[in-house]
Amino acid sequence: MKSNGTTPHVPPRAHRALTGWGRTAPSACDVTEVRSGEELDAVVSGALRSKRSVVARGLGRSYGDAAQCAGGVVIDITGLDSVLDADLETGVVRVGAGMSIDALMRAFVPRGWFVPVTPGTRHVTVGGAIAADIHGKNHHRDGSFCSYVTRLSLATPSGRVEVSPEHDPELFWATAGGMGLTGIVVDATVQMLRVETATMRVDTERARNLDDCLTRMIERDGEYRYSVAWIDCLARGPKMGRAVLTRADHARLEDLPPARRADALRFDPVVRAQVPVTPPSGLLNPMTVAAFNELWFRKAPRSRAGQLQTMATYFHPLDGIGSWNRMYGARGFVQYQFVVPFGAEDALRDVLTRLSQGRMASFVTVLKRFGPADPGPLSFPVAGWTLAFDLPVGPLSTGPLLDALDETVAGAGGRVYLAKDSRLRPELLETMYPRLAEWRATRDRVDPTGLFVSDLSRRLGLVSTPRPRRASRPARGRTKPEAQEKATS
Amino acid sequence: MNDAMGMPQTAVVVGGTSDIARAVLRTLVARRLRRIVLVGRDELGLAAAAKELQALGTVEVDTITFDVTDTDQLPAVVRDSSTRLGQVDLVLVAAGVLGDQARDESDPEAVARVLATNFTGTAAVMTAFATVLRRQGHGRMVVLSSVAGVRVRRANYVYGASKAGLDGFALGMAEALRGSGAALMIVRPGWVATRMTEGLDPAPFATTPEAVAADVVAGMERSTPVVWSPRPLRFVFAVLRLLPAALWRRLPG
Chain L
2 MKSNGTTPHV PPRAHRALTG WGRTAPSACD VTEVRSGEEL DAVVSGALRS
52 KRSVVARGLG RSYGDAAQCA GGVVIDITGL DSVLDADLET GVVRVGAGMS
102 IDALMRAFVP RGWFVPVTPG TRHVTVGGAI AADIHGKNHH RDGSFCSYVT
152 RLSLATPSGR VEVSPEHDPE LFWATAGGMG LTGIVVDATV QMLRVETATM
202 RVDTERARNL DDCLTRMIER DGEYRYSVAW IDCLARGPKM GRAVLTRADH
252 ARLEDLPPAR RADALRFDPV VRAQVPVTPP SGLLNPMTVA AFNELWFRKA
302 PRSRAGQLQT MATYFHPLDG IGSWNRMYGA RGFVQYQFVV PFGAEDALRD
352 VLTRLSQGRM ASFVTVLKRF GPADPGPLSF PVAGWTLAFD LPVGPLSTGP
402 LLDALDETVA GAGGRVYLAK DSRLRPELLE TMYPRLAEWR ATRDRVDPTG
452 LFVSDLSRRL GLVSTPRPRR ASRPARGRTK PEAQEKATS
Chain B
308 MNDAMGMPQT AVVVGGTSDI ARAVLRTLVA RRLRRIVLVG RDELGLAAAA
358 KELQALGTVE VDTITFDVTD TDQLPAVVRD SSTRLGQVDL VLVAAGVLGD
408 QARDESDPEA VARVLATNFT GTAAVMTAFA TVLRRQGHGR MVVLSSVAGV
458 RVRRANYVYG ASKAGLDGFA LGMAEALRGS GAALMIVRPG WVATRMTEGL
508 DPAPFATTPE AVAADVVAGM ERSTPVVWSP RPLRFVFAVL RLLPAALWRR
558 LPG
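Taken in sequence, the protein lines are chains L and B. Here this note's numbering is used: the first residue of the first sequence is 2, the next is one more, and so on. Here this note's numbering is used: the first residue of the second sequence is 308, the next is one more, and so on.
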């Protein structure tokens, strides 16, 4: 098929089963790769005409089902990966939504500009970063990604709109953390962060237990731009929550040894190893993880200041291992991340106690402090403690344990992170996200017919989709509780 | 939608009064299951099953009276149940009759009836729902087979052959569904104490609907392609399958 001036080229589709990074709950969709904003617009309007559901997908690093749409159309936006505009004086860049944090860093770190926020992997797109309003190790100080987005172009059912915190702030902030359900980000303008080097100056210290860790974080996190604690999730008793704290700032030029100053902004991370095949589920179990944790804790210095590390080593250690998600075996894994407000430390302690008592073998357990929330009604971060861990699917205790943790988290006024969710009980969504109704109102304004749908939105009932029409023929027999009757209209 | 643990939010059950199906549903309602369509022949039995499920929590249950051998009605039943559910996360195929071996083996019509219910009718139902799952791009079908079909015995060859046919059909369909987003799981229970087996002598490894349900739900969580219940039967039948006919014939029961 050839494109001409009037009718945009409509890219081909491939029917494929997709999963998130956790490799659970596959669903089949028609995947369309777009290479330009015009192609994207054409696919969106085509889907609108043929009444098909649509969601955008970037690099597929959401752990659950956020970037798939069973039976619908998935628009792969990784082809929108160009730098459209860059001001190297001010660090304001306009890039395609498919550009990854990795590509952004490779393009701009050598020129002295770092991304304002990076998650634990560089392999997320800017579009995905906005849809999940991602956070990094600097949230306590700098907030989340969308605070640095000054403008974005959004493909909606009624066409392309330009939104910013000043122009239609309602839609802008509904899109920040809106999980791709308010439209598809085509390109965005991002304020980058000035750095002198591509090196981090890292302070490491060990904490004896959870209380020690929290105290150390409260007392001295403010001195660092970046802070994170790795937690030994299997340590029990007086050692429960023992941790290795790594806090860092960007190294200044004078922090580097003179020999390295000439090439201070060099950034060329490599993948060191690859998980070549999927090992049997169960390789990561309480025994292997406990052994690893012991080693990791002991390997860390009790206290070391001013160590120089590359950006990749400090921010993205797991990116050094290709396809690390295979480690959990064919059944896949779930990642659970929640935040509870400051003052709800008991809930945090409770979760960690149940994790360690239940011998839940999480390979990576990470604790961090969040600073104030941004205005996004569905944006995950709120001021408080956030804990993330992953668990393999398979052990039958995992599901009920996580269900119990949901209750604790919701009860403490906390919430789980939708970009990582793959199993939340839908009934708790509104408790965790009290501004859901406000978000839905904005979403219904831009997408009244419910074009944008994902497996996540269906599973959690995120969007107020009209209930399926009843069969025209009267039912032959029907019993229904009263309470449900209202919800069906 | 099925979640990461394979737990469905909606289900249609063909053979909605089956004791095993009811036990499975009770377990799933405690997890994520909120909307159910029960399909079956026995209108009163379906109503009782629906009532039991509603007593367990906020769950919406519809019933449809239907005989799996009634192929003419099948498209309407499939359309009806999928419309009511929106997304069909789970299709639990549990329709089946035991028949009366002693009488059936000299009654051609009875043989045809057992086979039509357990095999051909059920296979038609599976085919219709497989189309739904394929179109949706997700969902799981769980088919209740039986160890009786693994190696058919003289003592219940009518029932056994019907389950052998069903089991083979389901294995083939599971392969055909690969890559479609949908999946199919086969369940091979041993002797289960249910209404179906009431008054019969239990066979070795006899079990209960609740125990089978626990194995089924565990299989769903782990995406197991074939669930044996109880589990040791898998190894028992690995041996029995290969037993010389002269020995096989002498086995009790």
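These are calculated hints, taken from the structure and not from any lab test. All residues carry an ideal CB built from backbone N, CA and C; glycine is no exception. There could be a bad hint or two in this list.
Said to hold, decoys possible - To give a feel for the contact side, a few chain L residues facing chain B, derived at Cβ under 7 Å:
{"no.": "1", "residue": "R50"}
{"no.": "2", "residue": "A71"}
{"no.": "3", "residue": "G359"}
Unchecked claim - To be clear about the criterion: a stretch of chain B counts as covered by chain L if any three or more of its residues have a C-beta under 8 Å from a C-beta of chain L, and this derived list gives those stretches:
{"no.": "4", "segment": "308-322"}
{"no.": "5", "segment": "461-472"}
{"no.": "6", "segment": "483-496"}
Against the structure, the hints:
1. R50: violated (19 Å)
2. A71: Result: holds, 4 Å to nearest chain B Cβ.
3. G359: violated (16 Å)
4. 308-322: holds (count 8)
5. 461-472: violated (count 0)
6. 483-496: holds (count 4)
Hints 1, 3, 5 from the earlier list are contradicted by this structure; the remaining hints agree with it.
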